[in-house]
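Spelled out from the first residue to the last, the chains are:
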Amino acid sequence: MAVVVSLINMKGGVGKTTIAAQLAHHADALGWNVLAVDLDPQSNLSQALLGHFRYRRHLETQKPTIDDVVRGYLPPTRKRGSPATVRVSDAILPGIGVRFGSVLDLLPSQLELAHTMKRSKIDPQSLARSIAEVADAYRLILIDCAPTESILTETAYYASRHVVVPVKPEYLATIGLPLLERSLKEYNGANRKQRISIAGIVINHTTYQSQPNPETEQSIREVRIEANENKWRIFDTQIPYSRSWPRAIRSGNPIGRTKHARPNVRGSFGRFATECFAAVGLDGGK
Amino acid sequence: MTHDRRAGRRTTAFSIEEISERFPAKADLLRELHERFQQRTFLPARTDIDAFLYRYVANPAKVRSRAAAEKPVFETLAAMEHQSLEHICAEARLFGKSQLEVVSDAILKRTG
Chain E
0 MAVVVSLINM KGGVGKTTIA AQLAHHADAL GWNVLAVDLD PQSNLSQALL GHFRYRRHLE
60 TQKPTIDDVV RGYLPPTRKR GSPATVRVSD AILPGIGVRF GSVLDLLPSQ LELAHTMKRS
120 KIDPQSLARS IAEVADAYRL ILIDCAPTES ILTETAYYAS RHVVVPVKPE YLATIGLPLL
180 ERSLKEYNGA NRKQRISIAG IVINHTTYQS QPNPETEQSI REVRIEANEN KWRIFDTQIP
240 YSRSWPRAIR SGNPIGRTKH ARPNVRGSFG RFATECFAAV GLDGGK
Chain C
0 MTHDRRAGRR TTAFSIEEIS ERFPAKADLL RELHERFQQR TFLPARTDID AFLYRYVANP
60 AKVRSRAAAE KPVFETLAAM EHQSLEHICA EARLFGKSQL EVVSDAILKR TG
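In order, the protein sequences belong to chains E and C.
Take the first sequence: its position 272, counted from the start at 1, is 271 in numbering that gives the first Met the number 0, and no numbers get skipped.
Take the second sequence: its position 33, counted from the start at 1, is 32 in numbering that gives the first Met the number 0, and no numbers get skipped.
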């Protein structure tokens with residue numbers, strides 16, 4: 000049975016998608032059956048894992064996506080005269096990782112998800128029900144959430160056991176933490192049968208500087224205060240800023256296989272991944 | 000045998016014609032990819048070759064140079080299904096071009 004982990008922060012640009020993609024590659028390299036779920040209409044996780052060519056091809060083939068899964072049916076099209084049922088397994092793209100024999104699967108997203116959110120009421124439990132159909136096939140399921148609180152955040156909560164919160168050490172990137180705390184508290188209050196907890200906060204985009212940066216230090220201090228108040232763990236490993244991260248995303252590669260990525264960047268992500276997996280009850284071995 | 004100067008060692012001879020004769024249905028695609036390989040618009044760097052072999056070959060051997068990689072790369076391509084080979088060819092044709100507009104067009108077409 001899989002462990003479901005969501006990457007959430009109400010702020011955009013803190014590294015949710017990059018970390019989700021890299022954790023997925025890391026788990027794949029360990030040989031763990033892993034499902035990456037793209038719950039963001041921007042579809043950046045799908046693009047990061049598939050690369051532009053395969054993502055475009057996927058759109059052109061008109062295969063189902065998470066939009067169809069949460070809506071619960073395939074709409075009529077030129078080829079299909081009536082609505083049709085859709086199962087999550089129809090939408091999952093198998094073995095999309097970068098290694099031979101990859102066991103990394105993807106439930107891709109598409110922009111239409113934003114329209115579905117606007118025009119209709121998504122059942123926030125739909126994803127949880129769909130994941131229940133396939134959970135036995137995986138060891139880890141990672142959900143990459145959209146920034147801002149929306150029905151999609153609630154949808155992720157219903158399906159998740161753990162939340163990982165990426166934070167950049169900048170003022171605007173940290174003020175979402177109290178919002179997340181309130182959002183989770185409200186959710187837990189209304190769903191007492193479920194246990195969802197914050198596995199940890201990961202401080203992303205730190206820089207190695209000979210001179211301390213007062214703004215960075217203050218932001219980290221504030222994150223620590225907020226974490227202490229809520230008894231949230233902060234992962235020991237911080238993920239350093241590197242020009243290799245965008246290169247890894249563009250090439251669709253794990254950071255460990257990205258051209259010119261420095262050993263300290265590769266190493267720090269590996270340490271973070273080990274820490275993160277242990278925090279959600281997963282450790283080495285197949 | 001051919002001589003791989005960068006690696007300073009001899010490598011097994013490779014002939015695109017020989018491999019095309021063995022796989023006539025895929026010959027055109029293989030020749031096109033071979034031409035692109037020689038022009039460095041397909042797998043331009045050794046790291047790209049490493050990534051290609053990592054994706055498509057079980058336990059790939061480390062390649063020492065582009066020249067030495069020619070044979071394993073084209074043997075791998077020749078063994079692929081026709082459709083996969085077509086996709087690789089289509090992707091190679093986009094080398095050096097911006098994909099931003101193409102991807103956004105595909106997104107809007109899908110959602111329009």
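FYI, nobody ran anything at the bench for these hints, they're computed from the structure.
Where hints are given, some of them may not hold.
Below are the EDC-like pairs computed for lysine to aspartate or glutamate, each with C-alpha atoms no more than 20 angstroms apart in a straight line [as the list claims (entries may be wrong)]:
{"no.": "1", "chain 1": "E", "residue 1": "K258", "chain 2": "C", "residue 2": "D47"}
{"no.": "2", "chain 1": "E", "residue 1": "K10", "chain 2": "E", "residue 2": "E221"}
{"no.": "3", "chain 1": "C", "residue 1": "K108", "chain 2": "E", "residue 2": "E274"}
Which residues of chain E face chain C? A partial, calculated answer using Cβ under 8 angstroms [as the list claims (entries may be wrong)]:
{"no.": "4", "residue": "R56"}
{"no.": "5", "residue": "L58"}
{"no.": "6", "residue": "R98"}
{"no.": "7", "residue": "G100"}
{"no.": "8", "residue": "L110"}
{"no.": "9", "residue": "R256"}
Okay, the calculated bits of chain C under chain E, using three or more residues with CB under 8 angstroms as the criterion [said to hold, decoys possible]:
{"no.": "10", "stretch": "22-34"}
{"no.": "11", "stretch": "44-55"}
Cβ atoms here follow ideal geometry from the backbone N, Cα and C, with glycine treated the same way.
Structure-based check of all given hints:
1. E/K258 with C/D47: Holds: E/K258 and C/D47 sit about 9 angstroms apart, inside 20 angstroms.
2. E/K10 with E/E221: Answer holds: E/K10 to E/E221 is near 16 angstroms, not above 20 angstroms.
3. C/K108 with E/E274: Measuring from Cα to Cα gives roughly 42 angstroms; hence the hint is violated.
4. R56: holds (7 angstroms)
5. L58: At about 4 angstroms, which falls below the 8 angstroms cut-off, the nearest Cβ of chain C leaves the hint on E/L58 intact, so it holds.
6. R98: Result: holds, 6 angstroms to nearest chain C Cβ.
7. G100: holds (7 angstroms)
8. L110: holds (5 angstroms)
9. R256: Constraint on E/R256 satisfied, holds at 6 angstroms.
10. 22-34: violated (count 0)
11. 44-55: Contact hint for the stretch 44-55 of chain C vs chain E: holds, 7 residues under 8 angstroms.
Checked against the numbered hints given earlier, this structure breaks hints 3, 10; the rest are met.
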